[in-house]
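Spelled out, the chains give:
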Amino acid sequence: MLWAWALAQITVSRRLIVLSSDILAPLMVRIAAGDRLALRELYEATSAKLFGVCLRILSDREEAEDVLQEVYVTVWRRADRFDPARASVTTWISTIARNRAIDRLRARGPLAKADPIEDFEIADDQPDAETRLAAAGDAARLQGCLAELDPRTQAVIRTAFFEGITYEALAQRMGAPLGTVKSWIRRGLARLKGCLER
Amino acid sequence: MSAGPDLSELETLAAEHALGLLGANARAEAEARAARDPAFAALVDAWRQRLAPMLEAVEPVAPAAGVWGRIERALPANDNAAIRRRLRFWRGATAGALGLAAASLAVAVMLAARPPVTLQPPAPAPILNASLMSQADGAQPMFVAAYDPARRALIVTSLVKADSLRKPGGDAAHVHELWIIPADGKPHALGMIEPGKSKAMPMPKDMAPMFAPGSAIAVSLEPPGGSPTKTAPSGPITAMGMLDKI
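Chains A and B, in that order, give the protein sequences. Note that our numbering has the first sequence beginning at 1, numbered continuously upward. Note that our numbering has the second sequence beginning at 1, numbered continuously upward.
Honestly, the hints are just simulated from the structure, not real lab data. Quick reminder that beta carbons are idealized off the backbone N, C-alpha and C, glycines included. Incorrect hints may appear among the rest.
[What the hints assert, rightly or not] For lysine to aspartate or glutamate, the following EDC-like pairs were computed, each having C-alpha atoms within a straight-line distance of at most 16 Å: (1) A:Lys193 x B:Glu11; (2) A:Lys182 x A:Glu168; (3) A:Lys49 x B:Glu59.
[What the hints assert, rightly or not] Examples of chain B residues toward chain A, derived with CB under 8 Å: (4) Leu7; (5) Thr12; (6) Leu19; (7) Gly20; (8) Gly23; (9) Leu51; (10) Ala52; (11) Glu56; (12) Ala64; (13) Trp68; (14) Arg70; (15) Lys199; (16) Ala200; (17) Pro204.
Could you put the whole structure together from the sequences, leaning on the hints where they help?
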C-alpha cells in the first residue's frame, strides 16, 4: 500500500495549503519543499520586521544579524512544521526570532542588560498612531488590552516579554520586592486574558 | 476595568513560561512538562499566541545587505525537505518512470565521460551514518544508524526510552519498524527495533546497493509484528534521517 506511505508524506503539505488567507503562506509550502528562491522572497518580505525584533531585544546590530541568520536557517529547516491554522507566517517567524534573540540575551548572563526600568519607560514600544492603525486585528486588540493595565504592570510585562528575564532580575531592576513584582505580573496576566476574551 | 478571574496555578505557570519569566531550571521543567502533558502544552501555546502580537508593534529595521548571503551559505545542502521532495516525486508513477529514465541516462553519460583509470587496490567503502530525527520536534535524534559495507550490516541504536511503547505491565502496544528509502523513494522494510536497544542487522546482497549516501532511513510506528502491508509503513513516521559519510 504505497498510497498509505504517500499519504503520510503529503499530510504536511496539505496542512499547509488548507485555509490560508495569509499571503506568505504559499511561500512556506515552497520552502518546505526546499525552494531557496521562496526563502529569498520570504526574507525580502520579512527581514526588516524580524531584524527590528532582534534589535529590540539585543540592542546590538552585530548580534541581531547573527540571530537573524539563525532564524532564517531555522525557518528553512522547519518550514514543514508551520501550521496556518495556528498562526500567521509573520507571527510564527517573529516568535522564532524572539526566542532565538532571548536565548542569545540569556547567554550573556542573568543581569546583562542591567539598566533600571523606569516605571513609565514604555514609550519605545507604544505604537504611534500610524502603526496602531496599520496593526491588524490581534495586534491592535493586544495593544488595547495592555493599555488598560496600569503603566507599571505594562512595563514589567513588556520587559519580561522582550528580555525573557526572571522575576528575580525584574524585581532587582524595579527595586521592588519579589512578591510584589510577581503579584503585579500575575494580576496583569489575568486581566489581560479577561480583556482579550471580552 | 474589571479585574478578571485569577488564573489557575497551571495556567499561571504556562503564562509565565510563555512570557519568558522562568529561570533556566524551571524553564527546562516546563519544557519537559509540555512534552508529556498536552493540556499544559495547549495552555502555553495559547499564551504564546496571546502575547505574540506584541512583536507586531516593533519598528522594522533593515538589516545590512550582506546578511542574505550569509544565510544562503549557511543553508544545509540536503535535509529532510529534500527527502520529502523525492518521496513526493515518487508518488506519481509517471514521474517515477521519467525519473528512472533520466537517472539511467545520467549514468550512461557519466560512464561515457569517465576518464580511463589506472589500476589501484579498491579503497574500503566508507561506513555510512544517519541520525534519525524526531518528526514531532525535529530537534531530537531518536535513533542512530550506521551501515558498514564491509560487513554488509546496518547497526541501529534506539535512543527511545525502554518500555515507552509498552502498556503499563503489559505487552508492547506498538513497535518501531525500520525502513530504507533509496533514491527512488520506494520504502523497503528492514525489521523492528526495540526501544532502548541496539542491534546489527545483516543485509541480503540485493539490498546492499540501497545503502548509499542520500538514502533515507525512517522509522514508523506499527502494530505488533510490523506493517500489515509489508511493503510500506501503515503508521505515522516517527523519525527520519539520511545516510551520509562521516
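To test your reading of the hints: which numbers does this structure violate?
15, 16, 17
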